[in-house]
Amino acid sequence: MDKFSVFSSRLVDKSENFTSGHRACQGCAEALAVRHVMKALGRDTIVAMATGCMEIISSPLPLTSWKVPWIHNAFENPSAVISRCESGMKAMMRKGKIPQKKINFVAMGGDGATADIGMGPLSGALERGHDMVYVCYDNEAYMNTGVQRSSSTPWGASTMTTPGASWKRTQKKNIVEIMAAHRIPYTATANIAFPEDLERKLRKARSIRSGLRFIHLFASCPTGWGFAPADAIKISRMAVLSRAFPLYEVEEGERYTINSGGDAPVYDYLRMQNRFRRLSDGDIAMIQEHVNREWERLNRKARG
Amino acid sequence: MAEEKKIKVLTGNEACAEGALAAGMRFYAGYPITPSSEVAEVLAEELPRLGGVFIQMEDEIASMGAIIGASLAGTKAMTATSGPGFSLMQENIGFAAMAEVPCVVVNVMRGGPSTGLPTLPAQADVMQARWGTHGDHAIIVLAPFSVAETFDLTVRAFNLSEQYRTPVILLLDEIIGHVNERVTIVDPGSLEIFNRIVPSDPPDQYKPYRHTESGVPPMIAYGEGYRFHVTGLAHDETGFPTNSAAEIGRMLERHHRKVEQARDHIVQVDPFMMEDAEIGIVAYGSTARSARHAVRLARETGKRVGLLRLKTLWPFADEEIRSYIGQVKSWIVPEMNLGQMAHEVEWALAGSAPVTRLNKVNGDPISPPEIYQIIPG
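Protein chains in written order, with the numbering used here: chain S, -12 to 291; chain Z, 13 to 389.
If you are wondering where the hints come from, they were derived from the structure by calculation, not from laboratory data.
Among these hints, one or two may not hold up.
Okay, the calculated bits of chain Z under chain S, using three or more residues with CB under 8 Å as the criterion [what the hints assert, rightly or not]:
id, region
1, 60 to 68
2, 346 to 358
A few chain Z positions that, by computed beta-carbon distances, are all more than 12 Å from chain S [said to hold, decoys possible]:
id, residue
3, Y40
4, P366
5, T368
All C-beta atoms, glycine included, are put in the ideal place defined by N, C-alpha and C.
Make a model of the complete structure from these sequences and hints.
Structure (structure tokens):
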């Protein structure tokens, strides 16, 4: 039983590249997830970050949480900016102006920056095949501007622009499938409730040295979803165990590997959050059906 | 029966949403951005109840595209945004101007350029509102200075866009957008509402871009049995693209004429203590509130100062300013930008009186004492 012989948090890199003291809300799973992302990526990293919660909370100069070079840019631009960092620094290395070094070029954006406004520039960077990692932290709405829906908001969720009983009636955009369709080397979903899996995926993304590697990072949001800050990890875990947000990897756009199990009813996950409080049991049954269908579909792909 | 009056305490953003609904707006497409998001949030609640459509799009480019489509289908349509989003809308604003599609674009101005100061006020999009999209185009721009006036000018923005078949820009600033004030909501039935003129021709004779005397061609909605073509390319009266120099010149001349010959109707100013003023202040938006206070302070010390407040920014109130030549000996133009309107005032006066600029672009509003201090005498 050697799985009980190691306290797994001791395996986590002790270096902090995204430090405490930032201004995230209490119980922000996203800030914790970014901290682990940065542990896995290490110091030789350049981050370009879209406007959003993580940008606002981490960079109120003269304070900053970033121990790596970090560039804030307009909402739609992180893919374009980090593409140019990569091309520019590789050109400088080729010309001998800076030393040869392996650098992780990382773009980060929220679900709005990734699945909505920044989709065009992201697709462009994918097509050009830059050596970069894109981390989409997904808290399923525009939280920075005060909780408006995004195309990554799930069916059934109330937000300020899908208010109350007018909850969102379109499905969450499947960003992973869109990325996989670009035949990029690596696409994976990750969740802060499974930090070992998260760090493994980031290290794997880091180790691949060509083409864009995409990480879809699930992050629960107490402020936007309506739950107690102490439950942030519990809810993140329930998202995986109920299969609402399964953990899986896609290599070269076709080799699917599922990394999570669980068969908790989606009811238990949804009933923990205020944003779903308007849903009837019948609505939740429909979500359960949808989750089952998507899980089946994913399993079919994983079987190949 | 006595007219029912409803008194509400609203922010400018909320009053803008209420005004749009009162004007008959039933289609809103937008994208979240500080400090304008509350306009969308109110309409997300209200529009579905009224049988209207609220849609959040994937960005501001798509939002602008959606309201153009809705307007062509016969619905009064609006979007609201702030600086960066306004920049993204510019290409489609040009389309709306070229294709003569009525629509209202609200820009709650924040500090720029680029991401700038998302939560702080500015008035630096005055020139972008006029010339943001490429090419010579006509445009109408309004700027309220209070919450109550935001309601009124939102209604007016729709009326003007319908009457002149043009996009109308409503420039709020962060202060007007977020300040809470008392508003008397009048019975919607008592509001003057202008709806676009529909053609009297039968479908086979309809020309969507007819050269009428007013310069405004009648407009029919898609789906009414009329077949017509809409394009951003230069086009003739039928709406189909043309390379004929005569046709293109005629079309662009008409676009400008329809607004210019109606400028007396479109341009509104609000003179305050201007009757005997020897010193005039030209201001608009939230800065006009400070200017009005400064005028009162100066009047207490016997200075003959007045405020000429611009409610319409474009077309510019050049004739109204020139009407004070001889009476007003010097002008002051305070604004939260680096002199975008001061330049227009100087141009209108052509050197007949000196213009002092008071500019601030650090996110702080211009205070009444700052204006008071530079009033001469």
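Checked hints:
1. 60 to 68: holds (count 3)
2. 346 to 358: It is violated: at least three residues are needed, and the region 346 to 358 of chain Z offers just 0 whose Cβ sits closer than 8 Å to chain S.
3. Y40: violated (10 Å)
4. P366: holds (40 Å)
5. T368: Given a closest Cβ separation of 35 Å, the condition holds.
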